[in-house]
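Residue strings, one per chain:
There are 2 protein chains.
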Amino acid sequence: MTDADTLLATTRAVRRRLDLTRPVERRLLEECIALAQQAPSGGNRQGWSFVVVTDRDRRAALAELYRRGWERYVTEGIFERPARAADPGARARQRRITASARYLADHLHEVPVLVVPCITGRTDGGDVVVQASQFGSVLPAVWSFMLAARARGLGTAWTTIHLFHEREAAGVLGIPFDEVMQAALIPVAHLVGEGLRPGHRRPLEDVVHWDRWGG
Amino acid sequence: MTDADTLLATTRAVRRRLDLTRPVERRLLEECIALAQQAPSGGNRQGWSFVVVTDRDRRAALAELYRRGWERYVTEGIFERPARAADPGARARQRRITASARYLADHLHEVPVLVVPCITGRTDGGDVVVQASQFGSVLPAVWSFMLAARARGLGTAWTTIHLFHEREAAGVLGIPFDEVMQAALIPVAHLVGEGLRPGHRRPLEDVVHWDRWGG
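Residue numbers (our numbering), protein chains in the order written: chain A, 1 to 215; chain B, 1001 to 1215.
It is worth saying that the hints were derived from the structure and are not from the lab. Where a beta carbon is used, it is the ideal one built from N, C-alpha and C, also for glycine. Incorrect hints may have been included.
[To be verified] Stretch by stretch, here's where chain B covers chain A in the computed footprint (C-beta under 8 Å, at least three residues):
id: 1; stretch: 32-43
id: 2; stretch: 46-52
id: 3; stretch: 89-102
id: 4; stretch: 148-159
id: 5; stretch: 179-185
[Claimed, not checked] Some chain B residues well away from chain A (every beta-carbon gap over 10 Å; in silico):
id: 6; residue: Arg1016
id: 7; residue: Asp1019
id: 8; residue: Thr1021
id: 9; residue: Arg1022
id: 10; residue: Pro1088
id: 11; residue: Ala1092
id: 12; residue: Ala1099
id: 13; residue: Arg1102
id: 14; residue: Leu1104
id: 15; residue: Asp1106
id: 16; residue: His1107
id: 17; residue: Pro1112
id: 18; residue: Asp1127
id: 19; residue: Glu1194
Construct all of the structure, not just a fragment, from the sequences and the given hints.
The structure is reproduced here in structure tokens:
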């Protein structure tokens, strides 16, 4: 039994410590999804779906799209880059994360389960209020899935870069692209080794604003 | 101590059972945010911020924007409507949710704490891959905050409709709108009464697809 605070403090991105040789029991995945379904959704619409991929060929096809997304991510720097850290410790942590993300990209086809959470209703080019409502109606369930997995000795990692090729991924999985939006891709495997520790994080005073920005 | 599965199964939207007379201890809020910071973020950038609003006038101003958003939500039906449920039980549940959402709109200014989670970097009109990356870098932390709150006897509810008036809300809170995007508005108060039960949810087989859509 994991208590609440430990669960929230130690559900880390697991990229290297995924057991690539051991299948994940279907019962465990179902338990995680049943718990994920208890997350909130706008108007309680529960428009989420979970595509759970264990088929070797489909995993390989998704992993190939992921690697193409990864190359684009690292070469084009599409997303905002982290601020150049003055602190050598921060730079070392960032190097470790990049190396572990590359390891995951190289081995993704070997991860026994890839879960693609989806939501009915696309937000391409939409306003922030619509985006926040739609993503707010599926991402809490995704995180609950990952927390439930952690409580069962499973490792997961939140990824999005296969979405550079979302339409091709929809083709691989038969997802009706025009109606259903993919939100992430979550590798799932038994965790290798013992326990996980809380991560290094920014000081609380840097992220909390009392009553007003900068307050 | 709450165990992991109970936490995930019983962190419900609390709209009526919020104690409107009792302040929330700052220490509890800080504990919840410290745990929220352990959530994942793209490239571990931790671009999140939490604006914690207890000031009476600012809460009143946010609540007014929320009510204007609520009116638009109910009159214009901006978001996808739930399918007309054949099942009378489902219709009754939906009526209860609507009534409780209206109660929250009417009383939002009285809720002792309103938390506005934000992320640096806007996605107005953006592609899904960018939206998924940005919202995926703050909404897990928002949900962790709410789960941590639940474990401390606090009630919360995930809302987004103040974002119809996000720019005015940014003005109320001094948030630099062009750089920082608001992702939600979370009322926080001590929970009135005992415990919460898991919610009624769609059957698992409706939301899980094995290996391919419809599989």
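Hint check:
no.: 1; hint: 32-43; verdict: holds (count 10)
no.: 2; hint: 46-52; verdict: holds (count 7)
no.: 3; hint: 89-102; verdict: holds (count 3)
no.: 4; hint: 148-159; verdict: holds (count 5)
no.: 5; hint: 179-185; verdict: holds (count 5)
no.: 6; hint: Arg1016; verdict: 15 Å, holds
no.: 7; hint: Asp1019; verdict: 20 Å, holds
no.: 8; hint: Thr1021; verdict: 20 Å, holds
no.: 9; hint: Arg1022; verdict: 19 Å, holds
no.: 10; hint: Pro1088; verdict: 16 Å, holds
no.: 11; hint: Ala1092; verdict: 12 Å, holds
no.: 12; hint: Ala1099; verdict: 13 Å, holds
no.: 13; hint: Arg1102; verdict: 13 Å, holds
no.: 14; hint: Leu1104; verdict: 13 Å, holds
no.: 15; hint: Asp1106; verdict: 18 Å, holds
no.: 16; hint: His1107; verdict: 19 Å, holds
no.: 17; hint: Pro1112; verdict: 13 Å, holds
no.: 18; hint: Asp1127; verdict: 7 Å, violated
no.: 19; hint: Glu1194; verdict: 17 Å, holds
Of the numbered hints given earlier, the model fails hint 18 alone.
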